[in-house]
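From just these sequences and the hints, can you work out the full model?
Single-letter residue listing:
Number of protein chains: 2
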Amino acid sequence: MAMTTSAIHDAVRLPPGPVDLASVDTDAAPGFDGKKADGKAALAAMADELSDLQERLWAERTVGSERRVLLVLQGMDTSGKGGVLRHTIGLVDPQGVRITSFKAPTDEERAQDFLWRIEKGLPPAGYIGVFDRSHYEDVLIARVRAFAEPEEIERRYAAINDFEARLSNEGFSIIKCMLHISADEQKARLAERLANPEKHWKYNPGDLDERARWSAYRQAYEVALERTNTDVAPWHVIPSDKKWFRNLAVGQLLLETLRGLDLQWPEADFEVEAETERLAQEAPVQ
Amino acid sequence: MAMTTSAIHDAVRLPPGPVDLASVDTDAAPGFDGKKADGKAALAAMADELSDLQERLWAERTVGSERRVLLVLQGMDTSGKGGVLRHTIGLVDPQGVRITSFKAPTDEERAQDFLWRIEKGLPPAGYIGVFDRSHYEDVLIARVRAFAEPEEIERRYAAINDFEARLSNEGFSIIKCMLHISADEQKARLAERLANPEKHWKYNPGDLDERARWSAYRQAYEVALERTNTDVAPWHVIPSDKKWFRNLAVGQLLLETLRGLDLQWPEADFEVEAETERLAQEAPVQ
Numbered sequence: 001m002a003m004t005t006s007a008i009h010d011a012v013r014l015p016p017g018p019v020d021l022a023s024v025d026t027d028a029a030p031g032f033d034g035k036k037a038d039g040k041a042a043l044a045a046m047a048d049e050l051s052d053l054q055e056r057l058w059a060e061r062t063v064g065s066e067r068r069v070l071l072v073l074q075g076m077d078t079s080g081k082g083g084v085l086r087h088t089i090g091l092v093d094p095q096g097v098r099i100t101s102f103k104a105p106t107d108e109e110r111a112q113d114f115l116w117r118i119e120k121g122l123p124p125a126g127y128i129g130v131f132d133r134s135h136y137e138d139v140l141i142a143r144v145r146a147f148a149e150p151e152e153i154e155r156r157y158a159a160i161n162d163f164e165a166r167l168s169n170e171g172f173s174i175i176k177c178m179l180h181i182s183a184d185e186q187k188a189r190l191a192e193r194l195a196n197p198e199k200h201w202k203y204n205p206g207d208l209d210e211r212a213r214w215s216a217y218r219q220a221y222e223v224a225l226e227r228t229n230t231d232v233a234p235w236h237v238i239p240s241d242k243k244w245f246r247n248l249a250v251g252q253l254l255l256e257t258l259r260g261l262d263l264q265w266p267e268a269d270f271e272v273e274a275e276t277e278r279l280a281q282e283a284p285v286q
Numbered sequence: 001m002a003m004t005t006s007a008i009h010d011a012v013r014l015p016p017g018p019v020d021l022a023s024v025d026t027d028a029a030p031g032f033d034g035k036k037a038d039g040k041a042a043l044a045a046m047a048d049e050l051s052d053l054q055e056r057l058w059a060e061r062t063v064g065s066e067r068r069v070l071l072v073l074q075g076m077d078t079s080g081k082g083g084v085l086r087h088t089i090g091l092v093d094p095q096g097v098r099i100t101s102f103k104a105p106t107d108e109e110r111a112q113d114f115l116w117r118i119e120k121g122l123p124p125a126g127y128i129g130v131f132d133r134s135h136y137e138d139v140l141i142a143r144v145r146a147f148a149e150p151e152e153i154e155r156r157y158a159a160i161n162d163f164e165a166r167l168s169n170e171g172f173s174i175i176k177c178m179l180h181i182s183a184d185e186q187k188a189r190l191a192e193r194l195a196n197p198e199k200h201w202k203y204n205p206g207d208l209d210e211r212a213r214w215s216a217y218r219q220a221y222e223v224a225l226e227r228t229n230t231d232v233a234p235w236h237v238i239p240s241d242k243k244w245f246r247n248l249a250v251g252q253l254l255l256e257t258l259r260g261l262d263l264q265w266p267e268a269d270f271e272v273e274a275e276t277e278r279l280a281q282e283a284p285v286q
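So the sequences go chain by chain: A and B. Note that UniProt numbering gives residue 8 to position 8 of the first sequence, counting from 1, and the numbers run on in steps of one. Note that UniProt numbering gives residue 13 to position 13 of the second sequence, counting from 1, and the numbers run on in steps of one.
No lab work stands behind these hints, which were simulated from the structure alone. Where is the CB? At the ideal position from N, CA and C, for every residue including glycine. Where hints are given, some of them may not hold.
Stated by the list, open to error - One-sided and incomplete, this derived list gives chain B residues near chain A with beta-carbon spacing under 7 angstroms:
(1) T62
(2) P94
(3) Y157
(4) A183
(5) L194
(6) E198
(7) H200
(8) W201
(9) E275
Next up, the structure:
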């Protein structure tokens with residue numbers, strides 16, 4: 001199974017150059033030759049290794065390591081950012097996870113540079129940080145809805161690349177995922193929310209207004225992905241009409257990233273034998 | 001199975017009055033008549049209901065509810081606070097969980113009232129917040145190590161009760177758990193950490209110095225539990241030599257608390273039929 005899933009990594013990696021999202025089959029499962037049940041089993045099979053690697057990352061911080069992971073989740077409404085949090089991030093120890101959800105900026109946040117609130121949401125050393133939306137909203141919705149001048153949007157692409165390069169130098173491993181669904185799939189998911197009273201709370205009439213700007217968002221994504229698809233922080237476009245593939249693909253990217261860190265258990269910074277002897281010889285305790 | 005586990009709730013609830021921790025069998029599984037495998041199965045069987053209730057709590061906040069849960073975990077070193085986070089809290093959606101770990105206070109924190117940093121770590125509405133250690137350290141280690149004057153420690157019991165009563169009025173459901181292990185069990189767990197190089201990072205020579213103060217800690221716990229065992233925020237003493245029972249008992253308390261909130265899915269604050277029609281009639285999107 002490991003051989004099967006590791007091919008996902010290459011299949012979803014966005015190649016350099018111009019981006020054409022319409023050419024990506026959102027209903028595909030690239031790099032994986034199984035069906036839904038196989039995909040769910042493959043994800044569940046990752047849990048132990050993910051947990052082990054996460055604990056090593058967590059342990060490393062106790063001896064001063066600055067390493068940490070930052071998973072950036074972007075995608076249109078209903079693309080499944082919450083589903084990835086629940087099903088993929090839910091596999092690892094919540095103690096080592098830091099999730100930051102970015103909503104519309106507050107007045108205080110708007111008064112600062114767009115990266116100000118992002119800096120505040122970064123994970124500490126040893127954590128797997130997850131951004132549910134991110135600084136990319138500042139070149140996506142900000143562009144589509146003209147919340148900033150074109151010159152400012154233009155400035156931001158380079159600012160993002162500088163920012164992510166700095167994070168990479170500081171010990172961050174950055175995994176950027178665009179959860180890519182089709183307009184038809186979004187329509188079906190919105191209809192499902194409307195049809196199910198248990199899901200009404202997830203629906204907002206403004207969702208349809210945003211949906212009407214679908215092609216403008218696609219263009220904004222294409223520009224943003226092309227301009228910020230760097231070696232230290234490459235983009236992955238995850239076909240996400242199939243929820244199970246979306247969850248599996250993000251899990252695989254997380255697993256490969258952790259594997260790539262060659263994480264070792266910290267060595268003892270005390271005398272193991274002396275402590276063992278001290279414990280054995282202690283005065284009665286009760 | 002539900003009938004079997006619900007008895008745990010009453011069995012671990014600390015009755016009012018003087019507390020004698022030595023009389024509690026730390027290796028027992030009160031209120032549960034199964035073995036280890038049954039206990040693990042019973043915990044796993046809670047996952048769906050826990051998830052459903054947690055999502056309702058999360059949904060409720062979108063329509064202005066202030067309700068939230070605060071789980072306070074206290075216990076001696078190796079008592080398994082981390083294990084509860086991994087195995088019990090790990091069952092629910094990490095998106096709705098806020099874990100705050102309290103270490104030795106910083107200079108900045110020390111310059112403020114002891115509840116200052118606690119306030120900052122409280123979960124927002126809709127969250128299940130977990131305190132890995134808490135304001136109780138300020139009447140436990142602070143008392144044992146004389147980090148504060150006796151008069152100040154005395155003041156804190158009442159301050160904690162006032163604080164928790166205020167939280168309860170503001171929509172917090174408070175679950176306080178003391179994970180209770182025997183001195184022998186702690187010795188075995190420390191020896192295990194010393195014997196396993198993968199666990200050396202969890203060991204600190206200072207742990208043995210604290211262990212030598214075992215009876216002083218027990219006394220401090222007994223006083224603290226008695227003085228802060230209120231109706232709105234009662235204590236539970238969880239026998240924790242059996243890790244599976246510890247995880248199950250905390251899960252059961254969390255489940256009962258969420259059940260008690262009678263959580264309902266929010267009603268739509270928009271016209272469902274009109275939106276359904278609007279979605280059906282939309283201009284082509286792509």
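Going through the hints against the structure:
no.	hint	verdict
1	T62	holds, 5 angstroms
2	P94	holds, 5 angstroms
3	Y157	violated, 26 angstroms
4	A183	holds, 4 angstroms
5	L194	holds, 5 angstroms
6	E198	holds, 5 angstroms
7	H200	holds, 4 angstroms
8	W201	holds, 4 angstroms
9	E275	holds, 6 angstroms
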